[in-house]
Amino acid sequence: MKEIVVISGKGGTGKTSLTASFAALTPRLAIADCDVDAADLHLILDPKPVARAKFSGGSRARILAGHCTACGKCEELCRFDAIYYDGPGNGIVEKTYRVDPIACEGCGVCAWFCTDKAIEFAPAVNGEWYKSETRFGPMVHAKLGIAEENSGKLVTLVRKEAVAIALERGLDGVLVDGSPGIGCPVIASVTGADQVLIVTEPTVSGVHDLRRVAALVKQFDIPTWVCINKWDLNPAATELIEREGGELGVSLAGRVRYDRATTEAQIEGKTVVEYRQDGIAEDIRAVWKRLRKHG
Amino acid sequence: MKTIAIASGKGGTGKTTLSTNLVYVMAQCGQNVVYADCDVEEPNGHLFLKPVIQSKKPVGMMVPQVHRERCVHCGQCGEICAYSAIICLGSETLVFPEMCHSCGGCWLVCPEGAISQTLRKMGTVEKGHAGNVGFVQGTLDIGEAMSPPVIRAVKEEIPEADWLIVDAPPGTSCPVIESIKGSDYVVLVTEPTPFGLHDLTLAVEMVRALRYPFGVVINRADFAFQDIWAYCQRQRIPILAEIPDDRRIAEAYSQGKMISAVQSDYAGVFRSIQALIEKEMESAKVGVS
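Residue numbers (this note's numbering), protein chains in the order written: chain A, 2 to 296; chain B, 9 to 297.
Watch out, some of these pointers could steer you wrong.
Listed below are the simulated PhoX-like cross-link pairs for lysine-lysine, each with C-alpha atoms no more than 25 Å apart in a straight line [unchecked claim]: (1) K3(A) <-> K290(A); (2) K129(B) <-> K154(A); (3) K144(A) <-> K58(B); (4) K154(A) <-> K144(A); (5) K219(A) <-> K129(B); (6) K96(A) <-> K3(A); (7) K290(A) <-> K271(A); (8) K118(A) <-> K3(A); (9) K290(A) <-> K219(A).
The set of hints was computed from the structure by calculation and includes no laboratory data.
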């Protein structure tokens, strides 16, 4: 069983559109949407949840106004500027302290040092995750709460659950839609994967970001491929990426042309390979075939 | 200083295009403006502004350093740490700096004063200027998971100016929050596609939770997908501009050029966006008071 992860460095290069098409081309895969910060794959694959669960990646502090004596110790110790002196008054003081749940990073230092036992520190719900069925097979996906942390932990959970389903049903592998950037959710997506596909675009930003994300993946020593999406928007930059591929330690998975069919298919809630048979769909099939052959 | 943050839920909608063109036209009109690239995982603004870098410094965060000769292995540091970044195993106290959030718990709690703070480098902040535009950018070291400390460092290095334009990372989680914190106005850049709309709704929830005034710029505005206009109307969100789906913009972008610099008609487009943002900022102020 193989786990293939699709990432991009730069956002908006077409990760999710391509991942959706790959899912459509392969019947025996479990799908995992690990772009938990801005998940979009469900808009195309239309998953029907069969199970859902809350995700708790950490704890959060809350000041119990009734117990607060407004000594100010918590505000003094908090390194995240998450504590404000504007809470409701009580019988002891006119104003109490309050925790800003968005700024709070869940370290618990305030609760530990509060001499009045006025701070509750308990696991927080940071998101929700789902096991679903799609027309192309099982899918695990999640929604991170707004302004939440610990997206890396949620990514790891989603991947683990998708692998479990694939093993249970004897599927061939897991296809993971990752997130942009090179930070915590990306690292959590590629750690321990069998194959990585980087989707880039032939722009100076695309090339710049590809170099950084390829350097990141290199640290993990995983076979890595690059696919140049919308290649015909700048053929010279496409050739530059293809020439540079070897140096970056990535193999070429192929080119996918620019086509408005990508957006049209999205509007209809279809994958590009369902919407079209020729042109761009042929490009995508060729990229996927190459990945599967060598994967 | 007035701060405008340029954000978006979805990546690749045109944050950097908007921010770099905005600072370019603002400086052209004689305004005193600074551009800060807070997309430290993949900073791209420099590719377009081509700044002259005048200073560069390593940044990161303070992590614990255990002085073994003073450690009595009481284990309190491991107990307070919510991130498993410090663990006491028998006669050995181990630190895992990459897990640390720099909350200070361990050195505060240590009864023996056996833990001091040491800087762990996580990235670089560079400062300079691009013509009349002040320029600051952060770059996260490859392999580092946490970008907020580098974003915080970028913000500490911002020079005084009348205007600050913050180029934020995509998404709606901690790096974005850190970037847009303290803004006077947030511009959300989106595109008229189902993905664009879905991620815009997440970004709107985020700025509303933070209570910042905000407006939307619709990039690559062709009209095949009307829902995005309907959504903004329903939610009473001002649409500051619609940037057309013009191949000339895509080509200029792909070559690292700013469209305002190569197509004079676009300088006017970005100037009018800036004027509208200023107007919106004024009315937001009136609305609050």
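How the hints compare with the structure:
1. With a CA separation close to 15 Å, the supplied pair K3(A) and K290(A) stays within the 25 Å bound.
2. Proximity of K129(B) to K154(A) is assessed by CA-CA distance (about 23 Å); at most 25 Å being required, the pair is judged to hold.
3. Straight-line distance between C-alpha atoms of K144(A) and K58(B) comes to about 38 Å, which puts the hinted pair past the 25 Å bound.
4. Of the supplied pair hints, the one linking K154(A) and K144(A) holds, its CA atoms being roughly 13 Å apart against a limit of 25 Å.
5. With a C-alpha separation of about 21 Å, the suggested pairing of K219(A) with K129(B) holds against the 25 Å cut-off.
6. Of the pairs offered as hints, the one joining K96(A) and K3(A) is violated, with about 58 Å between alpha carbons and a cut-off of 25 Å exceeded.
7. For the hint linking K290(A) to K271(A), the alpha-carbon distance of about 20 Å falls within 25 Å, and the restraint holds.
8. Of the pairs offered as hints, the one joining K118(A) and K3(A) is violated, with about 50 Å between alpha carbons and a cut-off of 25 Å exceeded.
9. Of the supplied pair hints, the one linking K290(A) and K219(A) holds, its CA atoms being roughly 23 Å apart against a limit of 25 Å.
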